[in-house]
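Read off the chains here:
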Amino acid sequence: DTGVSQDPRHKITKRGQNVTFRCDPISEHNRLYWYRQTLGQGPEFLTYFQNEAQLEKSRLLSDRFSAERPKGSFSTLEIQRTEQGDSAMYLCASSLGVDGVNTEAFFGQGTRLTVV
Amino acid sequence: QKEVEQDPGPLSVPEGAIVSLNCTYSNSAFQYFMWYRQYSRKGPELLMYTYSSGNKEDGRFTAQVDKSSKYISLFIRDSQPSDSATYLCAMRGAAGNNRKLIWGLGTSLAVNP
Numbered sequence: 002d003t004g005v006s007q008d009p010r011h012k013i014t015k016r017g018q019n020v021t022f023r024c025d026p027i028s029e030h031n032r033l034y035w036y037r038q039t040l041g042q043g044p045e046f047l048t049y050f051q052n053e054a055q056l057e058k059s060r061l062l063s064d065r066f067s068a069e070r071p072k073g074s075f076s077t078l079e080i081q082r083t084e085q086g087d088s089a090m091y092l093c094a095s096s097l098g099v100d101g102v103n104t105e106a107f108f109g110q111g112t113r114l115t116v117v
Numbered sequence: 284q285k286e287v288e289q290d291p292g293p294l295s296v297p298e299g300a301i302v303s304l305n306c307t308y309s310n311s312a313f314q315y316f317m318w319y320r321q322y323s324r325k326g327p328e329l330l331m332y333t334y335s336s337g338n339k340e341d342g343r344f345t346a347q348v349d350k351s352s353k354y355i356s357l358f359i360r361d362s363q364p365s366d367s368a369t370y371l372c373a374m375r376g377a378a379g380n381n382r383k384l385i386w387g388l389g390t391s392l393a394v395n396p
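If you read the sequences in order, they're chains A and B. Here the first sequence stands for residues 2 to 117, numbered as in the numbering used here. Here the second sequence stands for residues 284 to 396, numbered as in the numbering used here.
This is chain A alone, in the form it adopts within the complex (with noise of 0.2 Å):
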């Protein structure tokens, strides 16, 4: 399977826990995104790497959200102190960004959590 890999794909934790999140994009893509989705909305956006960079941040993303993409490929979202507000689907897309252009974003399966 070359699409985009998310792991897990259910995580249920205890608030107050630390959950981490791993996706693994289309290997030849550069940028990666990460977006939450709740029940009847469309995703929000997160964060967006271009290779190891992370260029952009939403407000969304409190200071007990933290992503990595360390060498440029797998990417990582850790939440510390789970509230059960974060309780959502976790999407992780990639796409291809080459001179200026990119091309449209491939999503994974999501990890689905459930603070309780």
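All the pointers check out, no bait thrown in.
Here are the computed distance ranges between Cβ atoms for each label pair:
1) S351(B) <-> S74(A): 36 to 46 Å
2) S74(A) <-> S311(B): 31 to 41 Å
3) L329(B) <-> A54(A): 23 to 33 Å
4) Q85(A) <-> Y322(B): 21 to 31 Å
5) Q55(A) <-> I301(B): 38 to 48 Å
6) Q85(A) <-> K285(B): 24 to 34 Å
7) L40(A) <-> N338(B): 28 to 38 Å
8) R82(A) <-> E288(B): 31 to 41 Å
Covered by chain A, according to a simulated footprint, are these stretches of chain B (three or more residues, beta-carbon under 8 Å):
9) 326–336
10) 387–396
Keep in mind the hints are simulated off the structure, nothing from the lab. C-beta atoms are modelled at their ideal positions from N, C-alpha and C, and glycine is treated no differently.
Based on the hints, put chain B in the right spot on chain A.
Relative to the frame of chain A, chain B by itself:
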């Protein structure tokens, strides 16, 4: 006013019907327009990708963009029960401007056998 408006539905049609889904937007800088299909508890799947104005056809799906009216549409011909999903429109500006996709809320579609 939201940058992208999309009626959330739900929309319920009989099998074989022609389905019309649409979004309006306010940002004239948007140039790339996408339709994603999302099944329950799955990630969005890219369905159609259109640059600027015009029509694009792919099998039973046709995407239309009218930049003068800031209006985009997705038509599904001969709809099937397997088309039952949420359809999300997304759009963005040209490279170097807004790399972020701006999304509609999604329209929930049910095709009844």
